[in-house]
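Whole structure, please, built from the sequences with the hints as guidance.
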Amino acid sequence: MATETEFPKWEVFTQIKPGANYIHAGMIHATDKEMALQNARDTYTRRGEGTSIWVVPSHAIVASNPDDKEMFFDPANDKIYRLPTFYVMPEGAKAI
Amino acid sequence: MTEQQALYKYCTQLGDNALIQSYRLAEWCSRAPILEEDLALTNMALDMTGRAQLLLQYAGQLAGKGQTEDDLAYRRSEPEYSNSLIMELPDDDFAFTMVRQLLTSTFEYFLYSALTSSTDKTVAAIAAKAVKEAKYHMAHTTDWVIRLGDGTDESSRRTQQALNKLWPYTEELFETDDAHKMLLAAGIAADVNKIKASWSEHINATRTAAKITMPSDDYQHSGGTRGIHTEYLGHILSEMQYLQRAYPDAKW
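Residue numbers (the working numbering), protein chains in the order written: chain Y, 1247 to 1342; chain L, 88 to 339.
Since the hints were made in silico from the structure, they are not lab data.
Hints may contain errors.
[Stated by the list, open to error] Quick list of in silico lysine-lysine cross-link-like pairs, BS3-like style, CA-CA up to 25 Å:
{"no.": "1", "chain 1": "Y", "residue 1": "K1279", "chain 2": "Y", "residue 2": "K1255"}
{"no.": "2", "chain 1": "L", "residue 1": "K222", "chain 2": "Y", "residue 2": "K1263"}
{"no.": "3", "chain 1": "L", "residue 1": "K298", "chain 2": "L", "residue 2": "K283"}
{"no.": "4", "chain 1": "L", "residue 1": "K222", "chain 2": "Y", "residue 2": "K1279"}
This is the structure:
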């Protein structure tokens, strides 16, 4: 639980190689942007995991409500025609 | 003094500065104000240990007596250590650590920047690695000193107190001796006068942003580079060297 002396939370996203998607690595505490970037660097890229970092204040993340799970996600369950599995794969095609 | 002996002296001094800083930074392990800063401080300590290892390894090769970096780190006593005194002072609080690290890392950033063009290939290669680390240490501590100095009344008071206490140990960073002069002429060592100008500029800009005043006392300590240390180095070495002294060549 956050206490009065605890620094605000930030979500950390790291990119493994240029062009790759940013992936959520975890969270850190910091009082400003510079500290957030440095703490993210020191916490999540110590073993050469990153080429770039994003930090976002946790309060800026808008999350879906677990109670809305059925409304949000179930209607997709019976629409298998949205999946690209009906195509015949050309022989030898690898990067699909 | 041959050029090789001068270079031994130079590398030992740089290596000792890194090793003693590493010891002081590592003392924060598990004691930093927040977990993230605990990692940051120990990361810096590890950078320093790696740098000390490279420099003392090279020094051992130059001496030609078959000494390894471990022999130099764990088998020399205080008078043989040539680190600057500022490195060995005990930490009063977090502000003290940040101000010291700002003063030393800024010095090291400009020093190793200059050494990347050393005519000695090993020194230049070590410098190329060290300059990246020092640049980060400088950025990290600059931000913290501004935050603390321009923070609450208490953090400001502690930051000012730290600078007042550390300032009389800064001039020693720029001391030169015969070894420096010989190596400078050969294009191996860096010119500390040029470094001092860049260092002063960055420190003053940071101090101004942190709303911290320049200490008025102009007395400066000296001696570390000649092996004359404060009592604190003895305490550091007695702990750091205990194992090798008690069980020489211990293996596990």
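Those earlier numbered hints the structure runs against, lowest number first | none
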